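J.: Here's the letter readout for the chains.
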Amino acid sequence: MLKFFRRNLAGYAFLSPWLIGFFLLAIGPILASLYLSFTKYNVVRPPQWIGIDNYVYMVEYDQRFWKALQVTFNFVVVSVPLKLIFALGVAMALDKGIRAIGWYRALFYLPSILGGSIAVAILWRQLFNYDGVINSVLGLFGIAGPYWLADPNYSLWTLIVLAMWQFGSPMLIFLAGLRAIPQELYEAAEIDAASPVKKFFAITVPLLAPVIFFNLVLQMIEAFKSFSGAFIISGGSGAPLDSLLFFTVYLYNEAFSFLRMGYASALAWVLLLIIALFTAIAFWTSKYWVHYENERG
Amino acid sequence: MTAATISAPTGTTAEIARAYREAKAKRARRAAILRHIFLIATSFIMVYPLIWMFASSLKPDNQIFGNLGLWPSEFQWQNYWRGWNALPVSFTTFFWNSTVVTVLSVIGNVISCSFAAYAFARLEFTGKNIWFALMMMTLMIPYHVVLIPQYILFLNLGWVNTYLPLIVPKFLAGEAFFVFLMIQFFRQLPRELDEAAMIDGCSPFKIYWAIIMPLSMPAMATAAIFSFIWTWEDFLGPLVYLNDMKDYTVPLALRSFISSDGASQYGPMFAMSILSILPIILFFVIFQRLIIRGIAMSGLK
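In order, the protein sequence lines correspond to chains A and B.
Start counting the first sequence at 119; every next residue gets the next number (this note's numbering).
Start counting the second sequence at 353; every next residue gets the next number (this note's numbering).
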């Protein structure tokens, strides 16, 4: 017994801050939020058990829930592929041992590191104003830009462009992946007079598939969780006409503006399940298009 | 037959080979030029918004909109002074608040995450693999799931409207990303160091303190830099936990700027926006090697 204790003492001593945090701030709250999602709770009065009513209400009556789901889904489906394509394109341009690569890499990564800041969200609001920079640029080409921020048909694009602007981290990961592709393959393909397009689809994409997959899953999770940009640009409410009602913005408002903590917990669980579901789908389908080099068969 | 005769080319093949090489080099040069044009154009688009924001912070209000030009007709340096004092509480307070929260968070993250990483990477104990799997799972959990119960917990502890909910969790190794980053680094260090130290009678803590820590400065610094940037930028945490304007961090103050009457003062608003991201840009310029390596190594954010 004493021996067992002594053998584990150091490990658990070093692990103790994490363990406390894990129980108090992670697993405890996860279970608590599951419990709260079956209650009506406004912080002032104790939680009141209502079974699955929150979930029934959400699915059957809550138009804003469906709207939030749709907005978030549209954002993920459009912004993630665009961002990844852009990131891959730039990474490929940087890959060929170009001069001043350090400069380019730093400049391209800079927007990503500023990504979550409120300053950037404020800047974005002004860029997409009716008389803002974006419309001035479009004006140079004779295009009359829309009221980006007031028109629900266009407002989501402001956030999609913001997401694309922050393509730095998938780009860096792509760059590392491209470096790992043996140059001999390209040389062999050149001898066979393969076109650049052919080389891209026959060599780059298959060998980069694990990295593409990694970036896809990561960016997808990030996109589902994005909050600050949508919150600031929509004035905290998802306006105009709920066209920027991201799931997280809706959740925040239910919890902290209307103090419907039980219902907000149910929303949080739905978000968790959606993220888990999408991640699982990505993993399931990956076996058809992602092949690892050290894998047999 | 010697090698020389085999490789000795006839005049014509040599000419063909040279022509081929030259054509290839020419094509490569042209491709390189195109690539540079593409990259320069892209980098310009990337940084233009930031430069525009900086330029606008120096312009008179009426010159900001509909104006792509960057050069102000007259430099309104007083935008900075006006912005600094535009809210009922001055930005001196907000910057001080942000500094306190950020510095304590960085210290907490680096210490507690390196403790956990040391346990996972270098020590043997019962249940290690299960704990490790659980730690990796927390990487996936959206913050919004734990937000409400955490809020209720801190509310019951009487911590709302203090910095404790923003700082204390940082001392509990909650950021799995940093733990993971450090584990990756610690694993590269030779095991023999620990074993030799153990034979010399060093305790695990001594090994951590005298061997692992000093050798892991790049990993520690990377975690510290990311911790700094994320905490400095954090909006949701302060938004939930801080209600009193005198306690606001810089992002919250900026947000009140746009939702209060300050909305009409664009120059001052951009001036404060620029100041709010200045520490991040400085950190980035100084430490970009570490930041970029950290991303490539761990692949997050």
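Be careful, since some hints might not be right.
[To be verified] With a straight-line cut-off of 25 Å between C-alpha atoms, the simulated SDA-like cross-links for lysine to any residue are:
| id | chain 1 | residue 1 | chain 2 | residue 2 |
| --- | --- | --- | --- | --- |
| 1 | A | Lys158 | B | Ile493 |
| 2 | B | Lys558 | A | Ile138 |
| 3 | A | Lys343 | A | Arg297 |
| 4 | A | Lys343 | B | Lys558 |
| 5 | B | Lys480 | A | Phe396 |
To be clear, the hints were calculated from the coordinates, so they are not data collected in a lab.
Please read these numbers as outputs of a predicted model, since none were measured by experiment.
J.: Run every hint past the structure and note whether it holds.
T.: Checked hints:
1. Under the criterion of a C-alpha separation no larger than 25 Å, the hint pairing lysine 158 of chain A with isoleucine 493 of chain B is consistent with the structure, at around 24 Å.
2. The suggested pairing of lysine 558 of chain B with isoleucine 138 of chain A holds, with an alpha-carbon distance near 23 Å, which does not exceed 25 Å.
3. The hinted pair formed by lysine 343 of chain A and arginine 297 of chain A fails the criterion: a straight-line CA distance of about 30 Å is larger than 25 Å.
4. Taking the CA atoms of lysine 343 of chain A and lysine 558 of chain B, the gap is about 41 Å. The hint is violated against a cut of 25 Å.
5. In summary, the hint linking lysine 480 of chain B to phenylalanine 396 of chain A is not supported, as the alpha carbons are separated by about 29 Å, beyond the 25 Å threshold.
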